[in-house]
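Trainee: Spelled out from the first residue to the last, the chains are:
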Amino acid sequence: MRYLPLTSDDRTAMLAAVEASSIDDLFVDVPAEVRLDGPIPGLPMHASELAVERHMASLARRNHAAGDGPFFLGAGAYRHHVPASVDHLIQRGEFLTAYTPYQPEIAQGTLQMLFEFQSQVARLLGTDVANASMYDGSTACWEAIVMARRITRRSKALLSTGLHPHYRSVARTMAKYTGDHLVDGDPGLGSQTDWTTLAANIDKDTSCVVVQYPDILGRIDDMTKLAEACQAAGALLIAVVTEPVALGLIKAPGEMGADIIVGEGQSLGVGLQFGGPYVGLFACKSKYVRQMPGRLCGETVDANGKRGFVLTLSTREQHIRREKATSNICTNSGLCALAFSIHMTLLGEAGLRQLAAINHTRAKAAAAELSKLPGVSVMNDSFFNEFTLVLPTAARPVIHALAEKGILGGVSLGRLYPDNEGLANGLVVAVTETVTAEDVAAFAAALKEVLA
Amino acid sequence: MTALNRAGWRPEMIAGGADDNTTFTGNRALMLEEPLIFEIGSDATTGVDFDDAAPAIDMGALARSAPIGLPGLSESETVRHYTRLSRQNYAIDLGLFPLGSCTMKHNPRLNEKVARMPGFADAHPLQPQETVQGAYAVIHELAEWLVTLTGMHSVAMSPKAGAHGELCGILCIKAALEARGEDRRVLLVPESAHGTNPATAAFAGFTVEDIPATGEGRVDLAALTARLGPDVAGVMITNPNTCGLFERDLKAISDAVHAAGGYVYCDGANFNAIVGRVRPGDLGVDAMHINLHKTFSTPHGGGGPGSGPVVLSEALAPFAPLPFVTRLADGAFRLIEEENADEDHPQSFGRMTAFHGQMGMFTRALTYILSHGADGLRQVAEDAVLNANYVLRNLEDVLDAPFGASGPCMHEALFSDRGLAEGFSTLDIAKGLIDEGYHPMTVYFPLVVHGAMLVEPTETESKAVLDQFIGALRSIALRAQQGDPALKSAPHFAPRARLDETLAARKPVLAWNEQGDAAETT
Numbered sequence: 001m002r003y004l005p006l007t008s009d010d011r012t013a014m015l016a017a018v019e020a021s022s023i024d025d026l027f028v029d030v031p032a033e034v035r036l037d038g039p040i041p042g043l044p045m046h047a048s049e050l051a052v053e054r055h056m057a058s059l060a061r062r063n064h065a066a067g068d069g070p071f072f073l074g075a076g077a078y079r080h081h082v083p084a085s086v087d088h089l090i091q092r093g094e095f096l097t098a099y100t101p102y103q104p105e106i107a108q109g110t111l112q113m114l115f116e117f118q119s120q121v122a123r124l125l126g127t128d129v130a131n132a133s134m135y136d137g138s139t140a141c142w143e144a145i146v147m148a149r150r151i152t153r154r155s156k157a158l159l160s161t162g163l164h165p166h167y168r169s170v171a172r173t174m175a176k177y178t179g180d181h182l183v184d185g186d187p188g189l190g191s192q193t194d195w196t197t198l199a200a201n202i203d204k205d206t207s208c209v210v211v212q213y214p215d216i217l218g219r220i221d222d223m224t225k226l227a228e229a230c231q232a233a234g235a236l237l238i239a240v241v242t243e244p245v246a247l248g249l250i251k252a253p254g255e256m257g258a259d260i261i262v263g264e265g266q267s268l269g270v271g272l273q274f275g276g277p278y279v280g281l282f283a284c285k286s287k288y289v290r291q292m293p294g295r296l297c298g299e300t301v302d303a304n305g306k307r308g309f310v311l312t313l314s315t316r317e318q319h320i321r322r323e324k325a326t327s328n329i330c331t332n333s334g335l336c337a338l339a340f341s342i343h344m345t346l347l348g349e350a351g352l353r354q355l356a357a358i359n360h361t362r363a364k365a366a367a368a369e370l371s372k373l374p375g376v377s378v379m380n381d382s383f384f385n386e387f388t389l390v391l392p393t394a395a396r397p398v399i400h401a402l403a404e405k406g407i408l409g410g411v412s413l414g415r416l417y418p419d420n421e422g423l424a425n426g427l428v429v430a431v432t433e434t435v436t437a438e439d440v441a442a443f444a445a446a447l448k449e450v451l452a
Numbered sequence: 001m002t003a004l005n006r007a008g009w010r011p012e013m014i015a016g017g018a019d020d021n022t023t024f025t026g027n028r029a030l031m032l033e034e035p036l037i038f039e040i041g042s043d044a045t046t047g048v049d050f051d052d053a054a055p056a057i058d059m060g061a062l063a064r065s066a067p068i069g070l071p072g073l074s075e076s077e078t079v080r081h082y083t084r085l086s087r088q089n090y091a092i093d094l095g096l097f098p099l100g101s102c103t104m105k106h107n108p109r110l111n112e113k114v115a116r117m118p119g120f121a122d123a124h125p126l127q128p129q130e131t132v133q134g135a136y137a138v139i140h141e142l143a144e145w146l147v148t149l150t151g152m153h154s155v156a157m158s159p160k161a162g163a164h165g166e167l168c169g170i171l172c173i174k175a176a177l178e179a180r181g182e183d184r185r186v187l188l189v190p191e192s193a194h195g196t197n198p199a200t201a202a203f204a205g206f207t208v209e210d211i212p213a214t215g216e217g218r219v220d221l222a223a224l225t226a227r228l229g230p231d232v233a234g235v236m237i238t239n240p241n242t243c244g245l246f247e248r249d250l251k252a253i254s255d256a257v258h259a260a261g262g263y264v265y266c267d268g269a270n271f272n273a274i275v276g277r278v279r280p281g282d283l284g285v286d287a288m289h290i291n292l293h294k295t296f297s298t299p300h301g302g303g304g305p306g307s308g309p310v311v312l313s314e315a316l317a318p319f320a321p322l323p324f325v326t327r328l329a330d331g332a333f334r335l336i337e338e339e340n341a342d343e344d345h346p347q348s349f350g351r352m353t354a355f356h357g358q359m360g361m362f363t364r365a366l367t368y369i370l371s372h373g374a375d376g377l378r379q380v381a382e383d384a385v386l387n388a389n390y391v392l393r394n395l396e397d398v399l400d401a402p403f404g405a406s407g408p409c410m411h412e413a414l415f416s417d418r419g420l421a422e423g424f425s426t427l428d429i430a431k432g433l434i435d436e437g438y439h440p441m442t443v444y445f446p447l448v449v450h451g452a453m454l455v456e457p458t459e460t461e462s463k464a465v466l467d468q469f470i471g472a473l474r475s476i477a478l479r480a481q482q483g484d485p486a487l488k489s490a491p492h493f494a495p496r497a498r499l500d501e502t503l504a505a506r507k508p509v510l511a512w513n514e515q516g517d518a519a520e521t522t
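So the sequence lines, in the order shown, correspond to chains A and B. Each residue of the first sequence is one higher than the last, beginning at 1 in the working numbering. Each residue of the second sequence is one higher than the last, beginning at 1 in the working numbering.
Since the hints were derived computationally from the structure, they do not count as laboratory data. Keep in mind that a hint or two might mislead.
Stated by the list, open to error - Derived SDA-like pairs (lysine to any residue); straight-line CA-CA distance at most 25 angstroms:
| id | chain 1 | residue 1 | chain 2 | residue 2 |
| --- | --- | --- | --- | --- |
| 1 | B | Lys113 | A | Lys156 |
| 2 | A | Lys176 | B | Ser406 |
| 3 | A | Lys156 | B | Thr207 |
| 4 | A | Lys405 | A | Asp439 |
| 5 | A | Lys324 | B | Ala213 |
| 6 | A | Lys176 | B | Gly181 |
| 7 | B | Lys251 | A | Gly38 |
| 8 | B | Lys113 | A | Pro397 |
| 9 | B | Lys463 | A | His55 |
| 10 | A | Lys285 | B | Thr207 |
| 11 | A | Lys405 | B | Asp231 |
| 12 | A | Lys176 | B | Pro67 |
| 13 | A | Lys405 | B | Ala332 |
| 14 | B | Lys113 | A | Lys176 |
| 15 | B | Lys251 | A | Ser48 |
| 16 | A | Lys285 | B | Met117 |
| 17 | A | Lys324 | B | Glu343 |
| 18 | A | Lys176 | B | Glu501 |
| 19 | B | Lys113 | A | His81 |
| 20 | A | Lys204 | A | Ser286 |
| 21 | B | Lys113 | A | Gly69 |
| 22 | A | Lys176 | B | Val186 |
| 23 | B | Lys507 | A | Gly69 |
| 24 | A | Lys324 | B | Lys251 |
| 25 | B | Lys488 | B | Asp500 |
| 26 | A | Lys364 | B | Ala518 |
| 27 | A | Lys176 | B | Ile336 |
| 28 | A | Lys176 | B | Gly350 |
| 29 | A | Lys372 | A | Gly305 |
| 30 | A | Lys324 | B | Gly516 |
| 31 | B | Lys113 | A | Ala57 |
| 32 | A | Lys285 | B | Pro67 |
| 33 | A | Lys176 | B | Arg64 |
| 34 | A | Lys225 | B | Met117 |
| 35 | B | Lys488 | A | Gly305 |
| 36 | A | Lys285 | B | Ala486 |
| 37 | B | Lys113 | A | Lys405 |
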């Protein structure tokens, strides 16, 4: 077996060295009645690299890959072009096969990268401090809600109806067990966010208000007044960003007063990967840093005075504080954070701004094209690279009909809100730099046929 | 230390260092210093060319007009920056990485190739189900393997890492108790447990109580049984445990817990030691997470991503989280999520993450499992255990092995700091290993052993590698017993000497700024 270096002579010699007559002697503590005598029956035996690759390739071919045709899905996961050097660099064995940097003297590569990542994320989100990543955006979001409860000692969280419904589901799951009280609901098919209502609903029990920017329907809005309302009432404003590329074009939540900003970093460097692994972004004002979940990397010096980096403030974490930790999180998303950071370094500010501008311009052109179809309208007054189409019929069957024509035409609101008839005609369409004018024309033509 | 020296490549940084042979650059041949991107990049530089020129856009009041402060590098500079950084890391690809309880084994490159096949890497989680049947097939095939290897009833695939899997299992227990109308608040957790266990239990609203251990390093069955009662929701037990021992009484523990109305959570971090030799389902376990990044070789990536599927007993399966994949009679796969859960899975505790879990880890783990097969996986456990015992028996004459007399160890060998010279500690041994070209073992964990050193060689190391490692660790142990002062200042040959962690925590600098100011924290 190609991954096992011991030879049978080695095994014999080593068993003798540990004074065991056979390997079974080393498993003597496993009670006899549950010990397995040989390979578990009914399972295949070991296989060659060629055979395994052939099998996995046959499964991969059963998927319609995003690159196989026109592609317009978003709703929390976006298809962007990832420069070839990103994937090459993250496959350097020194990054790929390293562990959490617990021995900083021989982990400065990972640690410096994390410090750079934290700095990039904090700047992108417009705030002071970011951690070394979370699992994904949805888990970062509920960790933020829990953090707000710790800081404010209040437990009522107001969730915007524009929050991704899966993020809402995750928060609902956790709230059942943590005692948080969530106030939430579905969005309506209108061009306005519910932020004014949210501001009016803040009371003395409110720990936080959670808004998504751009929101699940693609809308963008100014959160300055909402941040002021939160601050006046002693509540925190949590902003959720599922498309970080947008922040190359529109104001960062931190600039508008958000206290905690979380996000899904998948857009940069990581790719679609059928939903994971992704990389959760988590940032906040520095005064709250000791209540943050997750790993933090900080700058220091070594015994010779050289600058170096270490994991720090770990008295917040489970391996030190155990049941009193700020979170149970241990492993984060280090390699995806690296991919994010490399992609961001390649872009730089100029590249990010250009990428964002291209996304917006192409999305606007696509929206204009699609809204020409009979009975089809664009719901949004404002959007970045994703907008909601209102169709004359339920969007869900339309999506399947489009897929039959080789076009992945967006995410139907029927998929996201299956119980809400009022949203059934909504279709969320994302247009990134990977979408060409020909793709849009093909989508428009196919949609016209399907709706006819 | 008045100011942090922020230019790693200036010659004055070397002054006063361990080596007087300073260079102008601060580099030493292949050991290359690398500044931060903020020190070498610029806002105007980019390493990406676009098809379109930057269009003029008026976003009105929402326009991001102020500078963001994100430095860019050209592609050539980018490749060099990260390549240089990578060379300051130790990795399994470079040598033995014997971190106990972390299972740092070889990461096969076929797994990387498969994960990058466009059908897997370039598929969206919300694509119409008929367009992603291959992805569902991977999830389903891996799920069947995990269920069969563990002898359990079913598996929840979506948890994103081990601790997330723990939370999944504990929430299943909570939901099951609620369904029974019982309010049990206490979870029993041994002191030797990973810190995630009590943190998870507390997060889910349980009170954590310690279970004592016996003198031989195992859970004290009598003490545990005596504590069981109507307030106890269950136990969280790691098996093999973090002392490297198989919990011989786990079946009896499970029986007692079940008889008292509780559930058994097993921390499966150490499943590598027993895969193919014993099935947790046969030991009465109700829930166990499997770290795909440990037992099934998905790369650790410098701290994740992990993946933590949770196998479940029949009693807990109805409460598993959404979404999950089922196979229909016609062979097609179907996703069970909120909209159809009412008919198919009405008792689910809900959703834990936005999408389907760590698909990129599923493809790698399945590739690894198929490569090994049922026979190879059994051999994995055997070689892992043999390697650990070989380390234990070859070092117990120079390092105190507190449970060496408790019988064979499983996949990891545990030592303590007993017998080291005055003023010398486990930390010094760890740092000495760095100079010898090894990543140190896990240190100061488990907490039940003073100055613990937990060595997990894994099955992917050869005898020759182990022999050299044993020789190196033996020599360092002797130096620590004899009080060699050079060991106190180790490492001498790493990219950095010991780092000032107190300074880092006292004046936290968590993001780059030109002044190097610490964050204002409260």
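Trainee: Which hints from the list above does the structure break, by number from lowest to highest?
Mentor: Hints 1, 2, 8, 9, 10, 11, 12, 14, 15, 16, 17, 18, 23, 24, 26, 29, 30, 33, 34, 36 and 37 contradicted; others consistent.
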